Structure formats: C-alpha cells, structure tokens
Amino acid sequence: MTSLTGTGALLRLAARRDRILIPVSALALTALSVGSAQATVALYPDAATAMKELGPVLASPSALALYGPATTTSLEGLSIFKTLLMGAVFVGLLAYAVVRRHTRIEEEEGRLELLGAGAIGRQAPLTAAVLLAVIATILTAALSVGGLIGIGFDPLGSLAFGATWEIAGLAMTGVTAVAAQLTASARGTAGWAIGALAVLYLLRALGDTATTDAGRALRWFSPFGWASQVFPYGSNRIWLLLPAVALCLGLVAAAFALLERRDLGAGLLPARRGRTHAPRGLAGPVGLAWRLLRPGVLGWLIGFVLLGAVYGGLVAQVDTMLSDASVQQLLADMAGVPVASLLASLTGVYAATVLRFMAVAAAAAGIGMVLRLATEERATRTEAVLTTGTGRWRWYAAFVAPAAVVTGALMVIMATVMGARGHAALAAAPPVGQVLQGALEAVPAAWVLVGLAGLLAGWSPRVAPYAWAGLGLAFVLGEFGTTMRLPQWLIDVSPFAHVTVYPLGTWEWGNVVGLSLVAAALTVAGGILHRRRDLG
Amino acid sequence: MAVIEAIGLRKMFGTTAALDGLDLTVTQGEVHGFLGPNGAGKSTTLRILLGLLRATGGTSTLFGHDPWRDAVSLHRRLAYVPGDVTVWPNLTGGEIIDLLLALRGGRTEIARTQSRRAQLLTDFDLDPGKKGRSYSKGNRQKIALIAALAPDPELLLLDEPTAGLDPLMEQVFQAELVRTRDQGRTVLLSSHILSEVEKACTVVTIVRAGRVVESGSLADLRHLSATHVSARLADGRVVDAHVPPAEVAAWVAARGPGVQAVTATPPTLEELFLARYGDTAEAPTAADEAAAPTGRRGRRR
Chain A
0 MTSLTGTGAL LRLAARRDRI LIPVSALALT ALSVGSAQAT VALYPDAATA MKELGPVLAS
60 PSALALYGPA TTTSLEGLSI FKTLLMGAVF VGLLAYAVVR RHTRIEEEEG RLELLGAGAI
120 GRQAPLTAAV LLAVIATILT AALSVGGLIG IGFDPLGSLA FGATWEIAGL AMTGVTAVAA
180 QLTASARGTA GWAIGALAVL YLLRALGDTA TTDAGRALRW FSPFGWASQV FPYGSNRIWL
240 LLPAVALCLG LVAAAFALLE RRDLGAGLLP ARRGRTHAPR GLAGPVGLAW RLLRPGVLGW
300 LIGFVLLGAV YGGLVAQVDT MLSDASVQQL LADMAGVPVA SLLASLTGVY AATVLRFMAV
360 AAAAAGIGMV LRLATEERAT RTEAVLTTGT GRWRWYAAFV APAAVVTGAL MVIMATVMGA
420 RGHAALAAAP PVGQVLQGAL EAVPAAWVLV GLAGLLAGWS PRVAPYAWAG LGLAFVLGEF
480 GTTMRLPQWL IDVSPFAHVT VYPLGTWEWG NVVGLSLVAA ALTVAGGILH RRRDLG
Chain B
0 MAVIEAIGLR KMFGTTAALD GLDLTVTQGE VHGFLGPNGA GKSTTLRILL GLLRATGGTS
60 TLFGHDPWRD AVSLHRRLAY VPGDVTVWPN LTGGEIIDLL LALRGGRTEI ARTQSRRAQL
120 LTDFDLDPGK KGRSYSKGNR QKIALIAALA PDPELLLLDE PTAGLDPLME QVFQAELVRT
180 RDQGRTVLLS SHILSEVEKA CTVVTIVRAG RVVESGSLAD LRHLSATHVS ARLADGRVVD
240 AHVPPAEVAA WVAARGPGVQ AVTATPPTLE ELFLARYGDT AEAPTAADEA AAPTGRRGRR
300 R
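Going down the list, the protein sequences come from chains A and B.
With numbering that gives the first Met the number 0 applied, the first sequence corresponds to residues 0 to 535, in that order.
With numbering that gives the first Met the number 0 applied, the second sequence corresponds to residues 0 to 300, in that order.
Just chain A, same shape as in the assembly (with noise of 0.2 angstroms):
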C-alpha cells in the first residue's frame, strides 16, 4: 500500500511533538474522574443516603441536560454522574486537537508540503494523526479505569466508564478527520468539528429531557446519546462501543475518500471571498481589536446565558437536597458564611456560590481578552498598528477597556437569566435585583485578575500567560482555602476571598470600592509598562 508509506514515522514524530499535550490531559481527565468519585464515595456513607439528596437534582431537566440520566442508584454509578458526559466532551475535544493538529493546521503552515515531497503515501498524514487520536484516546479512558479500580470501583463498571469516554473519542476522531478535509483553513476545521460536537450533543440533551418516546428516540443520533446509555455501574452496557467503533471507521473512510478528490492545502468547500473594503467600524485601533475579540466574546455570552439558565433551574430545587451537614458546613465554608445563615436560606446561599464560581469564569473571559495584546505582539502585528499614528495608552485601552466592560456585562447577564428563572420556578429563591447586586459585588474582583493579565502583557508578551496562573491560584485560594485550613493571610491574597455576595441584597461597600480600586492600580500599571518598554 504506496498511499501508506510513512505512515510509521510520521506516527512517531505526531507522538513525539505531543509527548506533552496526550500525557498531561491523560492525566487531568484521570484525575477529574477519579477525584471527582472518591470525593462522592467519601461524602454519603451509601446510596441509599446519597439518592435521598441528590435524587430530585438528577431528575431536574437542568441537570437531565447538562450531565445525562443517571446511569444506576448505585454509589459507585451516582460518583461518576458528573464526570461521564463532561470528561466525554474532554476526551472527544482530545481527538479533535491531535486530528486537526497533525492535518489540516499541518497543512496550512506548509510543514505538510514539506513531508509530502518526501517519500510519504498521500494517506499516511491523516493515518498517523488517526491512529495518534486514537491512541490518546484509549490511553485516556484506560488510565481513567485503572484509577478507578484502584480505588476500589467495580472492574467491569470501570471498564464500561472508559467505555463511555472512548465512545465520545472515537466519534470525534471521525469527525475531524472529516472536517479537515472540507474547508483549506484550520479555523474552518475548527468550526466544523466543534460544531458537530456541540449539535451531536445537543442533541442528546434533547432526547434525554424529552418526555416523549419520538423525543427520546433523538438521544440515539448522537454517539454522546449512546455515552450515556452505557450505565456504568449498572446495566454496563459496554457493546455500545461498537457503533462508535463503526461510526468512527465510516467517517474515517469518508475523509480518505474526501482526501483523493481534492489537492494538497486546498478544501472541498471553496475559499468564501470577503469585503474588499473596510466596514465603518473597522476604523480604528478600537474597531480593530473588537474585531479579534468579537467570536470568544460571543462564545463566551452564550456559554454564560446557558449556565444561567442552569443555575436558575437548580436553585429552584437546591432547599429539597441540602439535609447532610458535612454538606452544609462544605457549601458554607465555599461560600464564607456560618452555618446558620446557610440555614436561613439554602437559595440565597446557592445562587451566591454559583456567583463566585461564575466571577471566575467572568475573570477568565476578561483575562482571555486582554491576553490578545500580548497575542498581537508575539505575531509582529502590533508593529503595524502602532506605526500608523495609534499610541500605545489607546492600543492597550483597545484590549482591556472592553475586557472589563465584558467581565462585569457576562455576570450582569448571567445573573439576570439565573435570577429569573430561579424566581420564577420557586418564589423562595432571591428575586432578580438581589442575584444582579451579588453579581456586581463579584465582579471587581475579576476585575482584579482582569488588571493582573493588564499588568503582565503590559510588563512582556512573554509573561503575560503567567495571569492564567494568577487566576488559578486565587481560585483555589479564594474557593478552596477554608476547605484546606489554610492561614487566613494566605486566602486573602485571592480577591476571591474578599467577595462577600452573600447576605444578597447588602452592599459590602468597603469591599467592593477596595478591590476596583486594586483592579485599576494594575491596570493602569500594566499601560506604564506597556508605554516604557522595547515593542515587538
């Protein structure tokens, strides 16, 4: 087979530039299930005290949509709730990364051009990048189940857990090495791919909320659908690999065949010509970097319109699971309030938990755009933008002015949507302007770490992913320290920590004021350094 020559070693060099990249999500997703299970068998002394809690949210169309059915009302099967169809994702945004990494983004730096004049079959790239995916894939799932024995677990429900994770890896190789093939870009793969990804499971989410048989039946179209059919821990129906194994061989097969009728760096689907002139509000250093900012902004809205609707539904059903006290004093120490307050309203004291754990996410969108600056300078764009009459204070305000605006307009929204529909559900729950006034008092301490990334790409491009860390470690500070019992002046360098979004309804002015004022400090130490300093 000619058309597969070189297959081996383009195989081996694909591992060895990811020798870093499969080990480590190997090991993250391990740890996520494997964590996130021991953490649950450690809470509920058995299933019978766990499913009294957590049954009413297993049933919530929220959680239905989110997280799937629950596979079994065994403890084992209720510890790996959470993370079969999230790590399922994981594992299948895994295969996406190494297929369109070793294809299509090959492709279009020229590397592949490079490798093709060598004595390299013409199908040998995208075989290599397959069998790479899927190699990374059962790696994935298989430490998953080791880990999962080794803490005790069922082995064959640990056998049917990665087979849930290799279902959604192996339809995701197929789908990416299909969407490589269709359009001459590695964005356009990425859309493609993620897209499929996002409706294939949409659309079990559909099928296992419906209420009708035909709905259901929707469940089955989607590879994410026979994921959470597998009932680890229960039924352990682990032959539903085959149709993955199939579904994977056939989009495979398609994208070889895709592959022979279309040339080396072009796609099936013809290049779209743009404008060949400016739109009115491409006119400016402003207009430019909304530009670059506008699709993650508009993924992130999404993202927080969704989760809002999420959060609204479970705080509507949050006073009918909380009756454990270990449950109790872990949600107050997450949340800095006593006990007792936690008591006096079970809503408030949710909807203020998920406000500190969206504050970060918030943080996260904000540091994402700002980060863009240090982006632009690593590429040699910024040069071009700051020799035509653009200053250096107007560029960095062009990231982190709406980086800001951004942070505090995702909590604004997030906390409409949850506050609505939690109100609505259940009149308990703290009404809209309460959740928004939790909001706003979150929001400047993402500021904080929004002004840390303004802080770091204004001091060098090359420090300037250091603010992911940042945001890291005032996380688990902040949300985490209590838990851990560490000293009190090590939890306060998080502005997490001085967050108090619970009792709503009351300002903690000191607060608030104390963290803006830190958040402009950096930010606008970030434009000194920016303005001092070398370019590009």
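Just so you know, these hints were derived from the structure itself, not from any lab.
Warning: the hint list may mix true and false statements.
Said to hold, decoys possible - If you want the footprint, here are the derived chain B segments under chain A, 3+ residues with CB under 8 angstroms:
id: 1; region: 120-130
id: 2; region: 254-263
Claimed, not checked - Stretch by stretch, here's where chain A covers chain B in the computed footprint (C-beta under 8 angstroms, at least three residues):
id: 3; region: 64-76
id: 4; region: 98-107
No experiment lies behind these values; they were computed from the predicted model shown.
C-beta: ideal position from N, C-alpha, C; glycine also.
Given the structure of chain A, go ahead and fit chain B onto it with the hints provided.
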C-alpha cells in the same frame, strides 16, 4: 533639511550591542539606501526611528522631533513597511489596507486615498477579497506596500520591503520609488539587494556590526573606489587592473602606444559593498564574530 538625524545611536539587547554608535543623516528628497548584511543593525535602527525600541544611547530625531516621545504625531507623517509582514488571518487584504489607512487618519484618510489605493491594487495585481491567512508572503508584502504608498507620506521607512516580490512587482516598486523621489518626498530603504538600491537610491549608507562604515552619494563612493580597467595591448594580450578613477588615464597611457581597446567600468555597488566586507569574509576578526549573533538576535526582536 535633515528629515532623519541620528547621532551615536546605541542599542543593547542584554549584554550584546546591536547598534554601537551609529550615525545617520537623511535629508529631504533623498532616496537613501541603507545597506548591510543580515544582523548589521538595519532593522534595529529603523525600529528605534519608529519609536518601537528605545535607544540605549545617542540621539535621534525625525523632522526634528523625538521618535519615542512624539511617536504618534510623527507616524501620521510617515509610513513603514517591514520585511516580514504579518497580517490578521481573519481580515481580508482590502480590510487590512483600509484599516492601516484609517489608523493614520480615520475614515477621511480612506476616502482621500481611494483612487491611489485602486491604482496600486491594479499595479501590484493584488486581490483584496481574500482572507489574510490565505495570502502568500509576496502578497502580504504587497498589502503593506499599498497601505504605505497610497497616502503619499512625507517619509517612507522601508525595511527590505521587496522580499518575496517577483521581478515584475519589483519593477512596480522601483517606479513607485522614482515617483516618490520626483515629488520631493523622502525614503529610507534598508536592503541587501544591491541592484534595487543602485537603481533608485541617490545616497547610500553602509553599516556593519552596528556602525556606519561608509556613507555618501553613490557617485562619491564610486569616486573613492577603484575603477576596473582593462586594455587590449598591441600584441593582443588583455591586461586589467583596479585603479583610482583619477589615475585611469595615466594607467592607459602607461600601457604604451599600441593599445587597441580600453574598457573602464566604474565599481558596481556590489563591489563597493564587498570591498567594505571583503576582509571579514576571509578573516573575521574577533570583534566581528562577537558582534554578529548580536545583530541577528536584535533583528528578530
């Protein structure tokens, strides 16, 4: 009037010197060739003049102003084309050109340069409707060139601007340089393509390891350098030599009365250039070796 004035410019990257006391004067209406091999400090000089880098020592002015402090107002009067143009992958070529024009002077600048933009698109044969990521290197270069040339700025700073252009496009570029010169505007053209500089430039500066080794009009430089002469003697033998321009007549006379044919070729820029670098090519000095990687790293930053 001096448009660019740099005196004793120094730039350190860490402990290595990219520029080591560079002097440069560009007067109005000049097309000034800025020559040197990779890593000599050409790009570093331009980036200091653009206010992107801050000089470690020395002074520099553009139109009499500080390029670091007055960057924004100066940039409205000049245009810059780097040697390796990167573009936004999701913007079309037309959008990028308009954006770069608008950054100089808002929407009015786009309107003002409309006809020039259209003409340059035709001359350079660029399709403005493609996404940035799909342009080849040469086409990305054209985008930057069109955006820089369309507004007819007072000063053009060009850093190896024709890298990746085909010979046909190279000609279009040369015609633009001549047009700029005829209108009395100023160009600083960094290059290591000597034929390009020779065709359009009136004044040349040659740099090496962060210092200027030669500067002057092309005619002056030629005058200082040896002319290549050859003569066919009475017996049919051909002899040749390099002699100073002033001594050409004497050299021919000394060949005797029976000389059948004489050719005298003034030195090409390439010869001028190699003459300043020839010694390092054969026996690099310790100082050169130490300085060489410096400049190269400097360029990349």
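Do the hints match the structure? See the list:
For the region 120-130 of chain B, the assignment as covered by chain A holds, since 4 residues bring a beta-carbon within under 8 angstroms of that chain's beta-carbons and 3 suffice. Counting residues of the region 254-263 of chain B whose C-beta lies closer than 8 angstroms to any C-beta of chain A gives 0; at least three are required, and the coverage claim is violated. Restraint check on the region 64-76 of chain B versus chain A: 5 residues with Cβ-Cβ distances below 8 angstroms, three needed, restraint holds. Note: the region 98-107 of chain B has 8 residues with beta-carbon separation from chain A under 8 angstroms; the three-residue rule is met and the coverage holds.
In this structure, the one hint that does not hold is number 2.
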